[in-house]
Amino acid sequence: MGHSKELVLVYKGMPKVSLEERFSIVLTPQNYILRKEKLPIKQEYQSKKIVSSIFDSFIDNKDEYSFFVYKEDEDWIFIAYKQQEVIDLLEESGIPSSNVDEIFFAQQMVSSISKPISLGEQNALTVIDGIATVVPKSILPDETVYENELEDIHPKKSVPLSTSNSYIDIKTALIFSAIFFIFAIFFIMEGMRYTSSSKEASQKVEEILQHYPALESSYKRESILSKYTHIDQEQRAKREVIKKLSKLISQNIKIEQFELKQNSYTAVLSTPNTQLLNQIKRKVKSNGMQISNISTNKITIKGHL
Amino acid sequence: MINIRYKGELILLASIILVLSSYIFKYKSFESSQELLHKKRQEIVQLQEVISLQKVWSPKEISKKLENLKRIIPSKQIKWNKRGKKLTVKFIQIDSNQLNKILNKILNIAIQIEYINIKKEQNKYTMELKCKW
Chain A
1 MGHSKELVLV YKGMPKVSLE ERFSIVLTPQ NYILRKEKLP IKQEYQSKKI VSSIFDSFID
61 NKDEYSFFVY KEDEDWIFIA YKQQEVIDLL EESGIPSSNV DEIFFAQQMV SSISKPISLG
121 EQNALTVIDG IATVVPKSIL PDETVYENEL EDIHPKKSVP LSTSNSYIDI KTALIFSAIF
181 FIFAIFFIME GMRYTSSSKE ASQKVEEILQ HYPALESSYK RESILSKYTH IDQEQRAKRE
241 VIKKLSKLIS QNIKIEQFEL KQNSYTAVLS TPNTQLLNQI KRKVKSNGMQ ISNISTNKIT
301 IKGHL
Chain B
1 MINIRYKGEL ILLASIILVL SSYIFKYKSF ESSQELLHKK RQEIVQLQEV ISLQKVWSPK
61 EISKKLENLK RIIPSKQIKW NKRGKKLTVK FIQIDSNQLN KILNKILNIA IQIEYINIKK
121 EQNKYTMELK CKW
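Heads up: the sequence lines are chains A and B, in that order.
Every letter in the first sequence is one number past the one before it in this note's numbering, and letter 49, counting from 1, is 49.
Every letter in the second sequence is one number past the one before it in this note's numbering, and letter 54, counting from 1, is 54.
There is no bait here: all hints are sound.
Per the computed footprint, the stretches of chain A lying under chain B, defined by three or more beta-carbons under 8 Å from a beta-carbon of chain B, are:
#: 1; stretch: 188 to 201
#: 2; stretch: 204 to 213
#: 3; stretch: 232 to 238
#: 4; stretch: 254 to 267
When the alpha-carbon atoms are kept at most 30 Å apart in a straight line, the in silico DSSO-like pairs for lysine-lysine are as follows:
#: 5; chain 1: B; residue 1: LYS130; chain 2: A; residue 2: LYS254
#: 6; chain 1: A; residue 1: LYS16; chain 2: B; residue 2: LYS7
#: 7; chain 1: B; residue 1: LYS119; chain 2: A; residue 2: LYS247
#: 8; chain 1: B; residue 1: LYS105; chain 2: A; residue 2: LYS227
#: 9; chain 1: A; residue 1: LYS199; chain 2: B; residue 2: LYS40
#: 10; chain 1: B; residue 1: LYS70; chain 2: B; residue 2: LYS124
#: 11; chain 1: B; residue 1: LYS7; chain 2: A; residue 2: LYS49
#: 12; chain 1: B; residue 1: LYS40; chain 2: B; residue 2: LYS26
#: 13; chain 1: B; residue 1: LYS7; chain 2: A; residue 2: LYS156
One-sided and incomplete, this derived list gives chain B residues near chain A with beta-carbon spacing under 10 Å:
#: 14; residue: GLU9
#: 15; residue: LEU10
#: 16; residue: LEU12
#: 17; residue: ALA14
#: 18; residue: PHE25
#: 19; residue: LYS120
#: 20; residue: TYR125
#: 21; residue: MET127
Since the hints were derived computationally from the structure, they do not count as laboratory data.
The beta carbon of each residue, even a glycine, is placed where N, CA and C say it ideally should be.
I would like the entire structure built from these sequences, with the hints used as guidance.
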């Protein structure tokens with residue numbers, strides 16, 4: 001991030017300022033607690049793990065505090081501050097907190113504070129033993145020349161000003177939102193795929209109807225279907241009966257009579273060899289037909305379609 | 001930039017609403033597409049059934065195919081009465097081979113058989129057929 005934004009030093013009792021553009025703020029020790037420690041820690045993530053315990057005996061309600069850690073030469077600087085306190089201070093000073101991009105701490109700028117900086121009529125920001133400190137002007141020599149502004153030097157590290165009271169920080173919310181967004185995209189794509197698959201079936205129906213426009217009406221289709229299904233079933237049954245009877249006929253078994261009506265049929269088979277009668281009976285039964293009468297050399301078969 | 005309290009929660013809520021809405025969209029699309037797909041598939045099956053039944057039972061050139069029956073049997077043994085799409089025919093004094101040929105023929109022509117009467121008189125057969133198409 002380029003640090004080109006204006007730096008505003010904020011302190012208690014500061015005069016109201018009007019700023020329209022986005023800017024960064026520098027907090028004075030009025031708004032933070034600082035501890036400078038020499039610790040055998042090399043990495044910043046390790047220092048972040050212990051930051052809360054560093055302030056154990058200094059602050060009671062740790063949940064209200066935010067923490068900031070950085071390394072200054074050989075020392076680790078631990079800073080605890082209240083976001084809400086900063087927001088309140090900005091409101092009192094007429095500064096819209098939504099315009100604040102980053103927070104810096106006066107301690108980060110100790111090297112650039114060569115002269116005390118005036119913080120209103122009563123106090124001044126100065127450096128004592130390498131620590132940025134707010135002191136009453138009354139304890140400073142009368143001939144002290146005060147600076148009115150900080151040098152426009154932006155330290156490397158900063159913290160964002162969280163203007164919301166969220167239980168979920170923005171970063172976490174954005175990570176989850178991104179995941180949900182990906183899921184949403186998948187769901188939408190899948191939904192669209194389902195819609196297009198049903199369109200394909202509709203297109204196929206349209207194609208068929210283009211070749212057979214007479215079948216467009218479903219009533220007509222059903223009427224045709226019912227008519228031809230009836231014909232189909234009836235005619236298949238009639239043909240089946242004829243085929244079954246054909247199988248029964250041989251050189252010694254002749255057909256004497258066959259009558260096929262709309263719903264029924266009658267067939268009379270004869271054989272000169274009476275011993276074949278039992279064979280005919282078995283064949284008739286195995287073909288699912290019923291014998292209605294048996295005489296000496298004739299068998300009458302009757303059935304319904 | 002508007003200063004919004006509970007910004008994190010709002011972002012999360014908006015994304016949850018988005019994902020839920022898209023899931024509902026997917027679910028509804030699935031439901032309606034399945035319903036439509038089922039309906040259209042049924043329509044296709046019905047259309048194919050109607051078309052194939054129509055092709056089977058309303059074929060062209062039935063008359064021509066029936067005329068071929070006259071080639072199997074000498075004309076003096078046939079009483080042919082065709083009116084429009086209806087035929088009544090009587091085959092007289094035919095032998096069992098001729099009877100078989102006639103039956104095989106009519107079984108393979110898509111006519112609607114209304115009535116068949118076969119009678120054996122000594123060694124010859126008389127067959128009456130009523131059909132339409």
